[in-house]
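2 protein chains.
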Amino acid sequence: MGNDTEKRNIVEPSILSGFMELLPKEQMLFNSMVDTIRATYESFGFIPVDTPVIEKAEVLLAKSGGDTAKQVYRFNKGEHDLALRFDLTVPLARYVAQHYGELTFPFRRYHISKVYRGEKPQKGRFREFYQCDIDIIGNGSLSIINDAEIVSVIYNTFKALGFGDFTIMINNRKLLSGFFESLGIDDATEVLRIVDKIDKAGEDYVKAELLKNGASEEATESILKLVKLFGEPLDIVNELKNWGIDNEKFIAGLEELEAVCKSIKALGVPSECFKLNLKIARGLDYYTGTVYETFLNDYPELGSVCSGGRYDELAQNYTKQSLPGVGISIGLSRLFYQLNEAGIISNNGKATPTNILIVPMDDTVEYALKTASQFRSRGIATEVYLNGGKMGKKLNYANKLGIPYVAVVGESEMQNGTVMLKDMESGEQKEVKVDDVVI
Amino acid sequence: MGNDTEKRNIVEPSILSGFMELLPKEQMLFNSMVDTIRATYESFGFIPVDTPVIEKAEVLLAKSGGDTAKQVYRFNKGEHDLALRFDLTVPLARYVAQHYGELTFPFRRYHISKVYRGEKPQKGRFREFYQCDIDIIGNGSLSIINDAEIVSVIYNTFKALGFGDFTIMINNRKLLSGFFESLGIDDATEVLRIVDKIDKAGEDYVKAELLKNGASEEATESILKLVKLFGEPLDIVNELKNWGIDNEKFIAGLEELEAVCKSIKALGVPSECFKLNLKIARGLDYYTGTVYETFLNDYPELGSVCSGGRYDELAQNYTKQSLPGVGISIGLSRLFYQLNEAGIISNNGKATPTNILIVPMDDTVEYALKTASQFRSRGIATEVYLNGGKMGKKLNYANKLGIPYVAVVGESEMQNGTVMLKDMESGEQKEVKVDDVVI
Chain A
477 MGNDTEKRNI
487 VEPSILSGFM
497 ELLPKEQMLF
507 NSMVDTIRAT
517 YESFGFIPVD
527 TPVIEKAEVL
537 LAKSGGDTAK
547 QVYRFNKGEH
557 DLALRFDLTV
567 PLARYVAQHY
577 GELTFPFRRY
587 HISKVYRGEK
597 PQKGRFREFY
607 QCDIDIIGNG
617 SLSIINDAEI
627 VSVIYNTFKA
637 LGFGDFTIMI
647 NNRKLLSGFF
657 ESLGIDDATE
667 VLRIVDKIDK
677 AGEDYVKAEL
687 LKNGASEEAT
697 ESILKLVKLF
707 GEPLDIVNEL
717 KNWGIDNEKF
727 IAGLEELEAV
737 CKSIKALGVP
747 SECFKLNLKI
757 ARGLDYYTGT
767 VYETFLNDYP
777 ELGSVCSGGR
787 YDELAQNYTK
797 QSLPGVGISI
807 GLSRLFYQLN
817 EAGIISNNGK
827 ATPTNILIVP
837 MDDTVEYALK
847 TASQFRSRGI
857 ATEVYLNGGK
867 MGKKLNYANK
877 LGIPYVAVVG
887 ESEMQNGTVM
897 LKDMESGEQK
907 EVKVDDVVI
Chain B
477 MGNDTEKRNI
487 VEPSILSGFM
497 ELLPKEQMLF
507 NSMVDTIRAT
517 YESFGFIPVD
527 TPVIEKAEVL
537 LAKSGGDTAK
547 QVYRFNKGEH
557 DLALRFDLTV
567 PLARYVAQHY
577 GELTFPFRRY
587 HISKVYRGEK
597 PQKGRFREFY
607 QCDIDIIGNG
617 SLSIINDAEI
627 VSVIYNTFKA
637 LGFGDFTIMI
647 NNRKLLSGFF
657 ESLGIDDATE
667 VLRIVDKIDK
677 AGEDYVKAEL
687 LKNGASEEAT
697 ESILKLVKLF
707 GEPLDIVNEL
717 KNWGIDNEKF
727 IAGLEELEAV
737 CKSIKALGVP
747 SECFKLNLKI
757 ARGLDYYTGT
767 VYETFLNDYP
777 ELGSVCSGGR
787 YDELAQNYTK
797 QSLPGVGISI
807 GLSRLFYQLN
817 EAGIISNNGK
827 ATPTNILIVP
837 MDDTVEYALK
847 TASQFRSRGI
857 ATEVYLNGGK
867 MGKKLNYANK
877 LGIPYVAVVG
887 ESEMQNGTVM
897 LKDMESGEQK
907 EVKVDDVVI
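Protein chains in written order, with the working numbering: chain A, 477 to 915; chain B, 477 to 915.
Possibly wrong hints are sitting among the right ones.
Pairs count within a copy or across copies, as identical chains cannot be separated in the list.
[What the hints assert, rightly or not] With a straight-line cut-off of 20 Å between C-alpha atoms, the simulated DMTMM-like cross-links for lysine to aspartate or glutamate are:
| hint | residue 1 | residue 2 |
| --- | --- | --- |
| 1 | K738 | D839 |
| 2 | K553 | E534 |
| 3 | K596 | E497 |
| 4 | K673 | D663 |
| 5 | K546 | D557 |
Note that these hints are calculated values from the structure, not bench results.
Okay, chain A solo, but in the shape it has when bound (with noise of 0.2 Å):
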């Protein structure tokens, strides 16, 4: 082996454009939170699942076409037609209807992980992302309340990542194709597409769009007027019911929110974190009722940040059953690029889980290592310095990956059963019994 060293050549480490790979800082950052939402999912009672990032691809691409289907990897191993993962719905989707019979109704499951998607890659947006999804499934039926807890999930977890204030706006979809429906207009996708142009195009854009698509006059008035309400959710939904709308889906749509508003009441969710939002569609078709996006108060730029909603059927590709179903998800890859380049994370300048570097002197390794065994038992996450060179070069070593505290210890620590620990952050330090040592 050893002789074709020379002859060797030397490929260029890269990896792919549109692929995010951390340094260890960036990377002990994303874990956190990786953690902290991992932490919030679960005090809901959602279960972890784990599914192939490969699979057949005349199962995974079952429903999809368009864009999505241009976007997959998909490719070819021996017989196989395979194909990565676009999202973690599909797999969830495929996983029910395939485990249906050995699942406990309501699921209630997590899953963070990662997807692919071979879009063109920009600034922000990547090929391979986290998605952190919940979803609570129902056998044949939901309660609507579920609708209400997720918005409880959406506000604890961002909360937990404390990235300052944020806004959950939610909306129905029902109550939407309803309020259409009662204007004597029959595609309401086609209004709702035209409707969530409004922040971005203009008032006046999305008038002459609906009057262009054969709205009346006073029908555009009307939806302009619904889509313009935002604010306290059951005032809202008291001024609608006032409306006196004589259509089915709006009143079903009505009541819908007014439930998940009084729960989102009950659980706790200020009324400062939560506004309701009438323009609010999504774009996903299969959504059928509750919808929800997030913002950062002070970052709107970024747009929603988590998103989801309530739909009918979740599996009807695998499964003759229906399976309702109300998520959300985070994507937090972009999120995190977002954050980082915006500057609004960062964290303790930590690039290691190390909290204290053990430096020996003399010829005190042994001992060194038997204290880094007692502080690892304690809890401590303990490393020891064991290269050479000058106490200057084992010092940067700690600052440079931003361990906090670092114990020196020589002959005299040895003898008396201690350590010099040092607080990088203030400089002091002080000799304290090895069992002393609290971090």
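Since chain A is already given, all that's left is putting chain B on it; use the hints.
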């Protein structure tokens, strides 16, 4: 959308053979093992790294040939030639070479993630599986004491996993090569290959093969004498010193082994868990010093459950920098499968993180939601049962998921600010103030 439900093709939901997918109870158990391994790795100050699953094929396959290359999932997307990682070591080499200037050495990294090998599926072998790796990479050189620390990591990891007694075996390839050289044997690799079969094929087979390979009768006897050494590390080291073998490599290997064994003792690894085994060679060409294998004492048939070793050059395909290292890997998916099949592991029956299921009676849903939020804020994973139905069905939900406590709330509990807390194992129940519930 709704209209084409009847026309819709139902695709049979299934995954590819050779891919592991777990039901909730097993997934909870698997995740708890990952958590244990991660916590132990971090207690030693190993830094998390997360690399892309998809890499450039030319980079990932810079070295590999033969079987590995055949097993790799390799495909094109647009103009790109892509491959899925088949281990975590090659991505580490690429990562360290690529980010060399931004890393602090010695670089201690851990990586727990999935890798992909399209090998023929067999019982207990997977095409997608978790590896749990740690490596310590030096810049130019790396103290031999790191090789001892690795044993301490293995010891603490398997102790924390709690599978019962285990034995970590170490050896040194430099010592082996030097010994063979001293007998006039050039092709140490071939001898190692033969010797490696002693447990399976027996002593006579090994003897015959060595003779066939050109070793003298005397050399063959010496080799067998060496590889049968097994037991107390420092005793064997002393015995080998007395053999008076005058070969530089042998002496260097023996010195390394002595230093490693002494430090392992200092690190508090009990002697019953740690043995020297002179016939361990490990298949991989690149190991150049210490090698490790780990066996569960009661289940030797599982083979080594954690292996690794010391290598001189981590990243010679990507950089001219000399980056020696030492590391180990746990093949967790395979290990989990084997332990689970053999009934060696099982969780506490929990198929959910939930510790309390609140069951609202009468009109107490809001009180139930409020109570749930209080429990969660105190760190108790809590779920509210929101489906209708009889009490038996609700308790059955808790039983099926292994939820340890059910808190029933009715009008009276709501008035009293209490819950009726039922211990699902003992069947006992008592009314407890919401503030006094501790789990």
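A quick look at each hint next to the structure:
1. K738 x D839: Classified as between; 14 Å across copies, 69 Å inside a copy.
2. K553 x E534: So K553 and E534 pass the 20 Å test inside a copy (14 Å) and across (18 Å) alike.
3. K596 x E497: within (18 Å within a copy, 31 Å between copies)
4. K673 x D663: Intra 17 Å, inter 73 Å, cutoff 20 Å: intra-copy only.
5. K546 x D557: both (15 Å within a copy, 17 Å between copies)
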